Amino acid sequence: SAVISQKPSRDICQRGTSLTIQCQVDSQVTMMFWYRQQPGQSLTLIATANQGSEATYESGFVIDKFPISRPNLTFSTLTVSNMSPEDSSIYLCSVALQGDGNQPQHFGDGTRLSIL
Amino acid sequence: GDSVTQMEGPVTLSEEAFLTINCTYTATGYPSLFWYVQYPGEGLQLLLKATKADDKGSNKGFEATYRKETTSFHLEKGSVQVSDSAVYFCALSTSGGSYIPTFGRGTSLIVHP
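Taken in order, these protein sequences are the chains called A and V. Using our numbering, you'd call the opening residue of the first sequence number 74 and step up by one each time. Using our numbering, you'd call the opening residue of the second sequence number 1026 and step up by one each time.
Don't take every hint at face value.
Claimed, not checked - Listed next, the stretches of chain A that the computed footprint assigns to chain V, with coverage defined by at least 3 CB atoms under 8 Å from CB atoms of chain V:
1. 116–127
2. 178–184
Claimed, not checked - Calculated Cβ distances over 10 Å to all of chain V for the following chain A residues:
3. Q79
4. K80
5. D84
6. V135
7. F139
8. R143
9. T147
10. S154
11. S167
Just so you know, the hints here were simulated from the structure itself, not pulled from any lab data. Here the structure is a predicted model, which is why all the values come from computation and not from measurement. Backbone N, C-alpha and C fix where the C-beta goes; we use that ideal spot for every residue, glycine too.
Based on the provided sequences and hints, a complete structural model is requested.
Next comes the structure, spelled out in structure tokens:
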């Protein structure tokens, strides 16, 4: 198991501003993931954050809008840039502890973001 | 590509009722199957999993059986409690190095006293 701390837990922001979300894990992990969960919807993968290399973004998500840092094996940040009301969502950080698809992911509690 | 289909919610039940949330999947190869639960204001937690056909995952009174012949992984509980009110996500992932699961849309469960 892993304990994942995500900050802030929620925020209300003005349009046009940026917010950085932090994700801290209590053990070293190779891959960390950032998801978006819009109200009443399932999870959409934004990107995979690899330590020592650039993040891998999914279709529809770009680095200029969602820059990601991964400075070490226990920490990552996601920035939501130039926010608009459409960015109002829950943003979730997750990790996979082992290197195969048989293992579950472990999630933080999420950041609930509202844009005015 | 891989996909997961869950029954639409919300599912509304009285306490002690029987619960079934349907989940079917399509996948190449032999996936592992998962149910996650998201309580209000929290992230997702693994509820149970099954990694091969006919396996039964169970936890906290919930059960699901990996049915390869019907490509299903339905979640059941014999007697729900108010504290089971949450959103339930069915998911699959394939072995061989893929970390990234495919999630269903989620099914909201509301249990009334």
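We went through each hint and held it up to the structure:
1. 116–127: holds (count 3)
2. 178–184: Coverage by chain V holds for the stretch 178–184 of chain A (6 residues, Cβ < 8 Å).
3. Q79: violated (8 Å)
4. K80: Fine: 13 Å to the nearest Cβ keeps K80/A off the interface.
5. D84: holds (14 Å)
6. V135: holds (19 Å)
7. F139: holds (17 Å)
8. R143: Holds, because the least Cβ-Cβ distance between R143/A and chain V comes to about 14 Å, which exceeds 10 Å.
9. T147: Answer for T147/A: holds, closest chain V Cβ roughly 17 Å.
10. S154: holds (23 Å)
11. S167: violated (8 Å)
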